[in-house]
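Sequences listed follow chains F and X, in order.
Take UniProt numbering: the final residue in the first sequence is number 382, and no numbers are missing along the way.
Take UniProt numbering: the final residue in the second sequence is number 165, and no numbers are missing along the way.
Check each hint, because a few of them may be wrong.
[Claimed, not checked] Sample of chain X residues with no beta-carbon within 12 angstroms of chain F, all distances over it, derived:
1) 17
2) 34
3) 38
4) 45
5) 60
6) 77
7) 83
8) 99
9) 139
10) 140
11) 157
[As the list claims (entries may be wrong)] Heads up, simulated EDC-like pairs for lysine to aspartate or glutamate below, C-alpha to C-alpha not over 16 angstroms straight-line:
12) F:33 x X:68
13) X:83 x X:97
14) X:72 x X:91
15) X:123 x F:14
No wet-lab data here; the hints were simulated from the structure.
None of the values given here were measured: they were computed from a predicted structure.
Heads up, the beta-carbon is just placed ideally off N, CA and C, and yes, glycines get one too.
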Amino acid sequence: MSEPFSTLSSDLTELILSRLPIPSLLRATAVCKTWHTLITSPSFPTSHHHNNHPWFFLHGLHNTSSKNNQSFAFDPSSDCWLRLPSFPLHSHDGIGSNSFLFSTAPSFSFSPLLKPRWTFTSPLRFSRISPLLAVFFHAPSSKPSFIVVAGVRFIGGLVDIEDRLAVEIYNPCLDSWELCPPLPPDFRSGNSSQTLSSALVGRKFFVFGIYSFFVSFFDLDSLVWSRVMTLRPPDVVFAFLIACNDMLVLAGLCNEARGPSFNLWRIDEKNMEFGQFGSMPQDLLLGLVDSEEGDKFASLKCVGMRNLIYVFNEEYHQKYPACVCEITSVSAAKCRWRRVPQLPSPVNKFHKVISFCSMVSPRDLFLGREEEARDLQEDADD
Amino acid sequence: MASTDDKVILKSSEGECFEVDMAVASHLQIVKSVLEDCEGSSDKVVSLFIVEAKYVAMIIEYYKNYVELKEKHEEGGFEEKLKEFEKQFLEQIDKKELKGLVMAVNYLNAPALFDVVCTAIAKHIENKSVEYVREYFGIVNDFTAEEEAQIREEHRWAYDGVNDD
């Protein structure tokens, strides 16, 4: 059996290539024409378990010089950071949610992640910055809909803290926004994504106060808010609500008598009862902070989806150290923690970082081209 | 002691013979179907025309361990033990042999080992440059320089941090 490897059938080649993590797969398209055709074909199997982990995105914004902005993405399957071309944002504010990047003010626009191509929607009734935002689908193959909750409005350059902004839901077929009741008044102290965290589980959009511990959900079918409840495990200082595989998880810092700890709780969405199932190992927790500072844990942030939860330090001089927790068994809620490698140097100094998790599918990366061609055709037909 | 009925002889491309337990050989779909076709015949020799002896030996080693571990850990823990063994098994196979092995396993239609070898090959080329991958697979670049540059430019961010060893 001394034939060269190039005699592998395309089925066999496809089975090998489908096991590659996404960055390697993208490089494989440059190997030869056959591979390029194989990988970019819509029938290429992309659902291999290696690529079923959400990536972690960090977008650093410099407040005066946008050329100092940087974008990084962490692929957990290859365990490496990728330096992305900087997202061309339309404003000083951006939000990432599954597979999309959004800019909400002055006008509302969205773009597929990793393939910047902005689409502007009809304007929001209430223009705002730093809202909570989620992507959902009315039917499996329908166009994406968006829900925009809370956020802050600027009036004459000042933040309007009194206004409770209506929930707005985007209808992609009509290019219109539907107005729904605003976030319940209990959440008033701080209505931006700085103080709120959100999680979409099924058709329920949960909103949680990072420091207030209030929780309520918006039902996407009946378009009403649930009653506000409190979700506060003992000793917790601040926490984030995350949707993991249709399970609601709370992740937060506790100040216990024996010292600080970062814990995970599984939440029963019916009654908001919680049960702790994981705790970050102490050495990882201490590796995230600069031991010189007093309130050193205050800048920890947490994002997650599906089976991964990322915890990182938002302080720039720390170079954003991060670690990740993999939930290995949903039913038993077992988890495994590990350190995320350092960001690739150089890392600039940022005034703000936008962080989020998203799934990345090779299909999104290649489909773009056909869609673009079709869009161009449609534009030409208009 | 197993009777000779439970044995089968696998013959490599060079004509080398390997006597193997049926329990092991039955994991190779091709052996199963050949034996079914000539049921009743006393001759239990299966010629694996295109598979070299060294690959036959590797495949037998894998499935021998697979069968033994499965018996030993019927109550649980089989998958973990198998993973451990697979790691050792792959360590002794050189990167060039992986290519011969995947073709042999594909020909013999042995799903469990096929998955292991495909994953090992993918792992091997994971962080390698385009040039390395071409050389490893013996592929000739049929893009023009412009075409290749365009493809690379499209996802330029994916080309950082590769190594060429």
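Quiz item: Was residue 83 of chain X rightly flagged as not at the interface, with every chain F Cβ beyond 12 angstroms?
Solution: Residue 83 of chain X clear of chain F: closest Cβ-Cβ about 14 angstroms, beyond 12 angstroms.
Quiz item: Would the least Cβ to Cβ distance between residue 38 of chain X and chain F come out above 12 angstroms?
Solution: 25 angstroms, holds
Quiz item: Against chain F, does residue 17 of chain X keep a CB gap of more than 12 angstroms to every residue?
Solution: Holds, because the least Cβ-Cβ distance between residue 17 of chain X and chain F comes to about 18 angstroms, which exceeds 12 angstroms.
Quiz item: For residue 34 of chain X, which was marked as not at the interface, is the minimum beta-carbon distance to chain F over 12 angstroms?
Solution: Fine: 19 angstroms to the nearest Cβ keeps residue 34 of chain X off the interface.
Quiz item: Taken at face value, is the distance from the CA of residue 14 of chain F to the CA of residue 123 of chain X at most 16 angstroms?
Solution: With a Cα-Cα distance of about 15 angstroms, the restraint between residue 123 of chain X and residue 14 of chain F holds, given a limit of 16 angstroms.
Exercise. Measure nothing beyond the straight line between the CA atoms of residue 83 of chain X and residue 97 of chain X; if it is 16 angstroms or shorter, mark the hint as holding.
Key: Judged against 16 angstroms, a Cα distance of about 20 angstroms means the pair is violated.
Exercise. Measuring Cβ to Cβ, find out whether residue 45 of chain X lies farther than 12 angstroms from everything in chain F.
Key: 20 angstroms, holds
Quiz item: Would the pair residue 72 of chain X and residue 91 of chain X pass a check requiring their Cα atoms to be no farther apart than 16 angstroms?
Solution: 23 angstroms, violated
Exercise. Sort out whether residue 68 of chain X lies within 16 angstroms of residue 33 of chain F, counting only the CA atoms.
Key: Not OK: residue 33 of chain F and residue 68 of chain X at ~44 angstroms, beyond 16 angstroms, violated.
Exercise. Take a quick look at residue 99 of chain X and tell me if its Cβ sits farther than 12 angstroms from every Cβ on chain F, holds or violated.
Key: 5 angstroms, violated
Quiz item: Once the closest CB in chain F is found, is it more than 12 angstroms from residue 60 of chain X?
Solution: Nearest chain F Cβ is 16 angstroms from residue 60 of chain X, so the label holds.
Exercise. With 12 angstroms as the threshold, tell me whether residue 139 of chain X passes as away from chain F on beta-carbon distances.
Key: At roughly 5 angstroms from the nearest Cβ of chain F, residue 139 of chain X sits no farther out than 12 angstroms, so the non-interface label is violated.
Taken one by one, the earlier hints fail for this structure at numbers 8, 9, 10, 11, 12, 13, 14, listed in ascending order.
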